[in-house]
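Asks: Residues per chain are reported as follows:
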Amino acid sequence: MEQARRGDADAFRALVERHYRKVYAITMGMVRNPDDAMELTQEAFLHLHRSIHGFRFQAKFSTWLYRIVTNLCVDHFRRAGRAPLPMEPPAGSEEEEAPMQWADPGAEAPDQAAYRSELRGALEGAFAHLSAPHRAVMVLREVEGLSYEEIAEVMGSSIGTVMSRLHYARKRLQALLAPYRPAD
Amino acid sequence: MKSAHQTMEWLVMQYHDGQLPDRHRPAVEAHLVECDPCRRYRRSTQSAGAWLQGTAADAARAVEMGQVWRGVADRLSRPAPARLRFRRWAWAWRRPARLSWLAAGSLAAGLFLLLVNPYGRLPATAPSETYVAFVEASDYPVMVFTPSQPGAMTVIWLFEPPKEFSPST
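Going down the list, the sequences are from chains V and X.
Going letter by letter, the first sequence gives residues 0 to 183 in numbering that gives the first Met the number 0.
Going letter by letter, the second sequence gives residues 0 to 168 in numbering that gives the first Met the number 0.
By construction, these hints were calculated from the structure, which means they are not laboratory data.
For clarity, every value in this text was computed on a predicted model and none was experimentally measured.
The C-beta atom is built at its ideal place from N, Cα and C for all residues, glycine as well.
Hints may contain errors.
Footprint (simulated), chain X over chain V, 3 or more residues, beta carbon under 8 Å [said to hold, decoys possible]: (1) 43-52; (2) 64-77.
A few chain X positions that, by computed beta-carbon distances, are all more than 12 Å from chain V [as the list claims (entries may be wrong)]: (3) Asp21; (4) Pro25; (5) Val27; (6) Glu28; (7) Val71; (8) Trp100; (9) Gly104; (10) Ser105; (11) Leu106; (12) Leu113.
I would like the entire structure built from these sequences, with the hints used as guidance.
Replies: As structure tokens, this is what we get:
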């Protein structure tokens with residue numbers, strides 16, 4: 000890290016090698032498109048290269064890198080003008096929820112493969128309804144397994160905001176996926 | 000204000016994420032046994048999390064270092080934008096050794112301006128009279144003021160001069 004900071008190209012390459020899968024997992028988790036995810040991953044490392052001399056070891060390196068990646072992803076949505084889709088939960092979905100069968104391997108639908116495929120599509124569709132900051136907290140929590148405190152540090156917000164966004168995003172997903180649950 | 004159930008749902012989220020203090024865990028576990036909506040919430044959270052984690056991790060596993068590095072190296076070979084080059088140059092001046100040179104240079108420039116600059120040799124008092132001129136230009140009449148500061152001039156364009164106005168010099 001210190002060598003990369005001093006401009007050593009091999010050290011920087013080693014740094015990329017160590018972190019590229021994590022970075023790609025975040026970008027892929029956020030933008031859900033392999034080409035965009037690759038573009039953002041490369042852009043993140045370019046940003047890292049340009050600003051690494053300013054890193055002062057006051058924060059964890061991974062936190063700093065996640066912040067670069069998250070900001071790039073949020074900017075990507077802003078640039079592309081990809082406003083979240085209207086977040087209208089299906090009527091009656093809040094209180095009339097049946098358990099999601101795909102989450103319970105013991106109670107599978109007759110055509111499990113088709114059903115799971117449909118649900119994966121539904122999850123993609125539901126996730127597309129979330130705003131960039133909501134996606135970011137979901138991805139940092141579920142993909143990277145960061146604690147609320149670490150997510151708050153990455154996002155530059157309070158722990159309360161992180162928890163609120165996470166809860167909101169999960170409730171939204173639950174509501175949007177309600178029609179795909181089988182009837183009891 | 001949150002209802003008791005909303006509060007419990009909030010705690011269920013923290014329980015699910017392993018962020019709930021141990022002393023609250025028995026209460027949440029007991030609540031989960033009896034509350035169907037909270038169990039559904041937890042189950043959907045688990046499922047969505049597993050899907051997100053699985054898809055992102057699978058995609059990341061399939062990516063090769065070469066793919067990433069080619070793009071990074073290509074971008075690195077292009078010249079950085081001027082804004083960034085300036086920022087990098089300015090940042091380089093933050094080193095203590097260079098800062099001392101910068102301070103010495105600033106001090107020398109200040110002394111030079113104080114001792115050699117013609118403004119430093121101006122008469123102590125500026126003219127007290129203000130000169131006013133009225134010029135009939137082809138399109139619009141113009142008023143010219145020489146203010147009390149030497150080397151400066153104020154020009155006022157009168158687009159619609161009042162009829163009774165009688166300029167004098």
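Asks: Determine for every hint whether it applies to the structure shown.
Replies: Comparing the hints with the structure gives:
no. : hint   : in the structure
1   : 43-52  : holds (count 5)
2   : 64-77  : violated (count 0)
3   : Asp21  : holds (15 Å)
4   : Pro25  : holds (21 Å)
5   : Val27  : holds (14 Å)
6   : Glu28  : holds (19 Å)
7   : Val71  : violated (5 Å)
8   : Trp100 : holds (19 Å)
9   : Gly104 : holds (23 Å)
10  : Ser105 : holds (24 Å)
11  : Leu106 : holds (28 Å)
12  : Leu113 : holds (36 Å)
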